[in-house]
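Visitor: The chain contents come next:
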Amino acid sequence: MLTIIAENTGNSLHIITSQLAGAATTLGMKSQIICPNGIGADEAAMITGVTKVTSVLGDCFGVFDSTAWADAISSSIEEGVGIILASATPQGRELAAVIAAKRNIPIVQDAVALSPGIEVTRSIYSGKAVEKILVSGDCVITIRPNSFEAAINDNAAPINTVNNSSDVRVAVQEAMAKASERLDVSEADIIISGGRGMGSKDNFSYLEEIADALGAAVGASRAVVDEWGMPHTIQVGQTGKTVTPSLYIAVGISGAIQHLAGMRSSKYIVAINKDPDAPIFNVADYGIVASWEDALPVLKEELGKLS
Amino acid sequence: MNIVVLLKQVPDTTAKISVVSGRINEDSVSKWSMSPYDEYALESALQLKESTNGSLIAITCGPDRCAKMLTDAAAVGADNLIHVVHEGYLDSMQIQSLLSSAINKVGADVVLCGKQAADTNSGSTGPGIAELIGAGCATHVSEVKYENGNFSAIRLNSSGSEKISMSVPCVFAFDKGLSELRRPNVRGIMMAKKKDITKLDAGELGVTVSESEVKLISHASPPEKAPGQKFEGASSIPTVVTKLRDEANVI
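Here the protein sequences line up with chains A and B, keeping their order.
Following my numbering, the numbering of the first sequence begins with 533 at its first residue and continues without gaps.
Following my numbering, the numbering of the second sequence begins with 221 at its first residue and continues without gaps.
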């Protein structure tokens, strides 16, 4: 049996939790789900292949504090439990790493595939290479979002509740900038990214319009994040996010090796660039040699016809 | 105050990564550099050193080539350099045991590191070490300051960002922040060349590196993509959109 640490969105279960259960199914294994602060326990109990859900309640869950959360969560998981799965989101990775250290077992982060054995496939050097690892003992494995099909809901597993808290060390002084309402690039199924070829930060509004039409996230290359002061959270590439959407549209991005590393595993890549020799065309499934000024209005119109 | 910064030497982000017989060919790496997020941790550590009059200890773990990176850190102001010398693959537990033993040897009020290294992309080391040395932990931070006996930082989270504080000891794993990275001056470079590096191995740290239950099977290059289709001009966009819908089924 596998143990899954649930991820939540604040008040309900995050879809990645069903994907973790899907990963367990790939290995032909049943799973138990641990829900920090009890969030999403009812939803977790409905996931196929889940034998038990444990709600861990405690005062420590008010603020994200990985050492406190790991203490509360880990003491609700038996010793020698085998594989613990968690999500490779920023918070999930941190929590998982502390749980592994606490239990004195290794951790393998950001798996994109699993096969019985257990063989783990993960991307390294931000996508410039792939490694396969054999895990033979107890281990924590985090799974990259959207790497596995979500398990379906057709279950009514028992839920039990435990009270486990721990000393909190992180205090929040002040909530600051709100994240944009836009989708996060690391979770989006479609991304439209702009680079220096967009000319200026203001011109990103054209990308945003198309993103809205497609339900896509907006990304950016390192050059524009650094030079135009755009948020680092949307940077795609070796010092930004590594993304694997179904569709990645690169506009005015030349395709430096660091950018390609972060997006080359996308299922389909469309490149729009006025320079026919831009390296981005080497990884594009569909390359369009055109300026963004010419291309984006047509793209917007055509996408509008689809809906 | 003892400020520890953990640094890792990795292939420069501009370097091509080649694979020979199922292993990354390190000999073909054109340039080795400090991992990018570690540079932000180092810059912040230098600012903390200046604001608290503290002592800055730079620690790395890796083969002999990593010594140069420690010297680079000394050139911008690291006071003490510790090199945990180790060749070859280490799992997360092993690397964290080695580094936390080295940290405990010097004693740290605060430990700074990058949120993840540019080679393994894992991000386990900072949080794992926090647990092992009994410290608090925050990742994805920038702008770490020491105020009224506590450390504060700006932490990115899923809903934006927040200012947090933690008491000593604590571990901060850095994201890219607003800080400009400083470059060494000639005097710094000259002084750094004379700086001693304390070399320690697993035995001297009292750590036994036993066989791991996590084994590397192979490295591979990412799968090559089939050559794509290229179109000329914005007038081709209706065709491409149709293909995205009918051929690729992604919209």
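Errors might be hidden in some of the hints.
In the DSSO-like style, the derived pairs of lysine-lysine whose C-alpha atoms are separated by at most 30 Å in a straight line are [said to hold, decoys possible]:
id, chain 1, residue 1, chain 2, residue 2
1, B, 251, B, 463
2, B, 236, A, 806
3, B, 383, A, 799
4, A, 799, B, 445
5, A, 562, B, 365
6, B, 445, A, 832
7, A, 806, B, 445
8, A, 837, B, 435
9, B, 365, A, 710
10, A, 733, B, 383
Hints were generated in silico from the structure; no laboratory data involved.
Visitor: Between the alpha carbons of residue 365 (chain B) and residue 710 (chain A), is the straight-line distance 30 Å or under?
Guide: Status holds; Cα separation ~22 Å.
Visitor: Tell me if the straight-line CA distance from residue 383 (chain B) to residue 799 (chain A) falls inside 30 Å.
Guide: Judged against 30 Å, a Cα distance of about 37 Å means the pair is violated.
Visitor: Holds or violated: are the alpha carbons of residue 837 (chain A) and residue 435 (chain B) at most 30 Å from each other?
Guide: violated, 52 Å
Visitor: Next pair to validate is residue 562 (chain A) with residue 365 (chain B); report whether the Cα-Cα distance is within 30 Å.
Guide: At roughly 46 Å apart (the allowed maximum being 30 Å), residue 365 (chain B) and residue 562 (chain A) break the hint.
Visitor: Is residue 799 (chain A) close enough to residue 445 (chain B), meaning Cα to Cα at most 30 Å?
Guide: holds, 10 Å
Visitor: Within a Cα-Cα threshold of 30 Å, do residue 236 (chain B) and residue 806 (chain A) meet the stated pairing?
Guide: holds, 26 Å
Visitor: For the pair supplied as a hint, residue 251 (chain B) and residue 463 (chain B), confirm whether the alpha-carbon distance does not exceed 30 Å.
Guide: Judged against 30 Å, a Cα distance of about 41 Å means the pair is violated.
Visitor: Does residue 832 (chain A) sit within 30 Å of residue 445 (chain B), going by the straight-line distance between their CA atoms?
Guide: OK: residue 445 (chain B) and residue 832 (chain A) at ~27 Å, within 30 Å.
Visitor: Straight-line Cα separation of residue 733 (chain A) and residue 383 (chain B) no greater than 30 Å?
Guide: holds, 27 Å
Visitor: Hint check: residue 806 (chain A) vs residue 445 (chain B), CA-CA at most 30 Å. Holds or violated?
Guide: Measuring from Cα to Cα gives roughly 22 Å; hence the hint holds.
Going down the numbered hints, you'll see the structure goes against 1, 3, 5, 8, while the others check out.
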